[in-house]
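Q: As a plain string of letters, each chain reads:
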Amino acid sequence: MLKTFSIGGIHPEENKLSAQSAIQELPIPKIATIPIAQHIGAPAKAIVKKGDEVKVGQVIAQSSGFVSANIHSSVSGTVFKVDDVMDATGFRRTSIIIKVDGDEWLEHIDRSEDLVTEITQTKEEIIKRVGDAGIVGLGGATFPAHVKLSVPPGKTAEVLVINAVECEPYLTSDHRVMLEKADEIMVGIEILMKALEVKKAIIGIENNKPDAIAHMTQVATKYSGIEVCPLKTQYPQGGEKQLISATMKREVPSGALPIEVGAVVQNVGTAFAVYEAIQKNKPLFERVATITGKSLKNPSNWKFRVGTPVSDIIEAAGGLPEDTAKIVGGGPMMGKALVSVDVPLTKGSSGLLLLAEEETARKATKACIRCGKCVSVCPMGLEPYLLMVLADKKEYERLENDAVMDCIECGSCSFTCPATRPLLDYIRLGKGKVGQIMRARK
Amino acid sequence: MNTKVLVAPSPHIHSGDSIQKNMYGVVFAMLPALLLSFYYFGLGSIIVTLTAVASCYFFEFLIQKYLLKVEPTIKDGSALITGILLAFNMPANLPIWIIIIGALVAIGIGKLTFGGLGNNVFNPALVGRVFLLISFPVQMTSWPKALGFQTSYLDAETGATPLAIIKEGLNKGDSLTDLMAQLPSNMDMFLGNMGGSLGEVAGAALVLGLLYMLVKKIITWHIPVSIIGTVVVFSGILNMASPEAYAGPAFHILTGGLLLGAIFMATDYVTSPMSNKGMLIYGIGIGILSVVIRVFGAYPEGVSFAILIMNAFVPLINVYVKPKRFGEKRK
Amino acid sequence: MNIIVITILALCAIGVAAAIILYFVAQKFKVYEDPRIDEVEEALPAANCGGCGYPGCRGFAEALVKADDISNFNCPVGGAAVMSHVGGILGHDVKAADPTVAVIRCNGTCDNRPKTNIYDGATSCTIAASLYSGDTGCQHGCLGLGECVDACNFDAMYMDKETGLPVIIEDKCVSCGACVKACPNSIIELRKKGPKSRRIFVSCVNKDKGGVAKKACSVACIGCGKCVKECPFDAITLENNLAYIDYNKCKLCRKCVIVCPTNAIHELNFPPRKEKPATKPTAATVKPVAKPVAKPEADTAVKSEDKENGTSDNK
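Protein chains in written order, with the numbering used here: chain Z, 1 to 442; chain S, 1 to 331; chain P, 1 to 315.
In case anyone wonders, no lab produced these hints; they're calculated from the structure.
One or more hints might be untrue.
Here are some, though not all, of the chain Z residues that point toward chain P, as calculated from beta-carbon distances under 10 Å [claimed, not checked]:
no., residue
1, 87
2, 340
3, 425
Here are some of the chain P residues that sit facing chain Z, going by a computed Cβ distance under 10 Å [claimed, not checked]:
no., residue
4, 123
5, 135
6, 137
The calculated DSS-like cross-link candidates involving lysine-lysine, where the alpha carbons are at most 25 Å apart (straight line), are [said to hold, decoys possible]:
no., chain 1, residue 1, chain 2, residue 2
7, Z, 50, Z, 30
8, Z, 45, P, 209
9, S, 4, P, 115
10, P, 115, P, 95
11, Z, 431, S, 324
12, Z, 366, P, 161
13, Z, 45, Z, 3
14, Z, 294, Z, 336
Even glycine gets a Cβ: it sits at the ideal position worked out from N, Cα and C.
Chain Z on its own, in the form it takes in the complex:
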């Protein structure tokens, strides 16, 4: 029996179309649009202005708080303007627009491919450097990585759990990074272990990537304390709490952080970014993303510079198919629909998914037939059918009592519902309102 999380879960069609496509490098764009808010927390503060010359890797926007992250230039050239530009959700947000000229990197960045295994820096230096390099969780949530590494006083981390599950259908970027950069990831994990002062790291990989499991297991033998844990292919295996439940058999209490049970979870891509930041002096300005879709000519994985327009990566993969009805940034279960292809790729772009109408268009909402399928698939043991009704009726007190804040927004309920009810839409609404009420109470 493969390990998996304790309750609920679904198994959508995997559709890992691009799993066999090696990572390619996307051409540098002519104009890079770099938003100053690419992470959860306070937006960074722009420190360049129109006309400034910037080099690759230079800080262009500074972190503005503890939960915030630096933004580095991904290209070299001149700042064209700092202005409000439409982001993926259609809202206008401040971005730094750079006209690209050549590809000149800051000198201290080590651009060689050599593996550096020796870790010379202390725990404090590592955490500071991770923060300076603007590293955020690359699984999609974009939570600043240094915050998770700073264990709060009174708590101790016991195990570092590396999230290499990639439970979202379609996405394959982590899979490819593991196959191609296994050694670098292992060194990155060692650095993270040193920063957290833990002796053990578990890499959770879903069983639908046997080649990655075999390769990582083999490479891991060279490093002490790192172990690969194959997991059942079941969504949402990559949810933080679900992953801890699957790998460590511990349940993070409701409302608490993983550190409560001695665990810290980092994405496998983050581990690679940490390696580059610490050993190669390279801040986070490029990452790997999957571009995929059933009608796409060439589903593939690309290393791109932050700020590259979405249209570029679509062009590189063979152009936008005729039947595209929805463009999703991220995976089909938790990704966000883009309003246009003229928005930039950011640190959080783990993939781009082009869906045809028959695959994605919602069907008419019907009356709830009380089949209980949403209850049985909810990985948090909630009652989605009830939460939806309560959110619609604005019963916020009951919503709170029925643990709406535990919802991880995985979408299993909406995915399953035979009456195609927009369960998660309403639950998310209720969660927002209850969150406001709870904050106001404090």
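With the hints as your guide, set chains S and P onto chain Z.
A: Relative to chain Z, chains S and P alone:
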């Protein structure tokens, strides 16, 4: 691409499951039992089934279109299920006008009065059946014998069900062993070779349907297993306490509508609890009530009443029995 | 026969006994309530809309009776007449509040503000607003999913299928403010009803710079400030590229309406203009196209819609 893109909150894909798929899945699961009933009861069963299904559709359409003035939902297949289940609960020689009244009560009072599919508290087919059982007890309890390929309808040769034989016999003061000797063998009862309603005689076919629904994940195991398990345990205890007064578990499970109720009636989505824990409680309740009514009550058969009584408890179960939450703080 | 008599007598005896018990129980558990609460509640319109800020008319009546000074209380449904009646019951002076009415400050019809994408989520403005900027280029305007209409308890609103915007039936609007609270983009405002229901307001809430706003919607306020300069009464202020007319200062001279280059300023229920169109040819020629709601026929149009709604309700 010329058209505008769609924008919606996640998730962006759907399992493709639908109400229709589930409903027609249940209908498919009922087919073996339906076909066997055609075999055992012949022409009468075909007439009863067709009349029940047609009048369920007819009343659903009529009431929704002209009385409630809403878009009729006859396409979702729930009227078909109600129709077949209603037929399953009737003897094969029931006059047509009684069947039509049953369908009207089932659809009109059992379902649409509450607001249609999803809002009804009681299983519509059972509401119809129990109404008929109380209003027309003679017609509803004169079962034709399962002889195979019959062509007679209203004048079919009738006989009592095993449950009725036992009940009446015990009331007369006969010994249970003598009465049991009059019954068909357990194997015959499992295959349906006994008197009874259309759908309740063929245990084997019903179990086949259950397996299909479990494999297709239309229902979970909780309700049928808890009902049958409870009946086995409860009747087993009674039987061990006094073998002369109470029949054993095998008899209770194979006779009457217990399998039909446990597999197709109690598992109705709308009128059963939402959480697995709730389903177990609901199933245990039905099991206990069924045996209590059969053994101690006035009626020889109690599954319908047991399910209806537990239906009434479902809203309460949903409120007080919550699924186990992940990382729930233990007090 | 005997049985019937006994039955009737027994039932009567039980009834009398129960009545006596009930009487004493009622005496025992009687709660004293100011009789004026009932009286005030009687005077209130019993709409239970919550527009006053209290839970229903009963709650409002209790608050009124308890208060020493009721000049700050207002029943938006009943208006001055009801409040003076209540004041009479309670022996307080009431100053008459100006009647207000809800106005929709967005004119982003399908023609004026083309759609840029298709919203496919749950039919709720709040959900759409928390997800993204909406299905047009304007991130401030009406989302068109009708949450305000659902919130209205008085059937005073409907969604116009042609424009995709909500419409307020003035005669039915009691100005309770439910729609104002429901709108996530704060498009709806309660404004002074004005003499003969005449009102002037900026029908736009777009705070983007002129170019961006104009690109998204042809009737957006572009923050040019012409109206501010034109207004003889200093009633118009410009903030975040958006003009706002203070209804307490506005004297309904309609000069701002003429100068607005995008026709973002609307006039409601005015008689047709008499002055020669020659002075402002551009504005005058553009106007009829861009202002379907404002023109004099509005008065009759509203009434006919009113009637339609009334009859459909009776069905």
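Q: Can you name, in rising order, the numbers of the hints this structure does not satisfy?
A: Failing hints, ascending: 10, 13.
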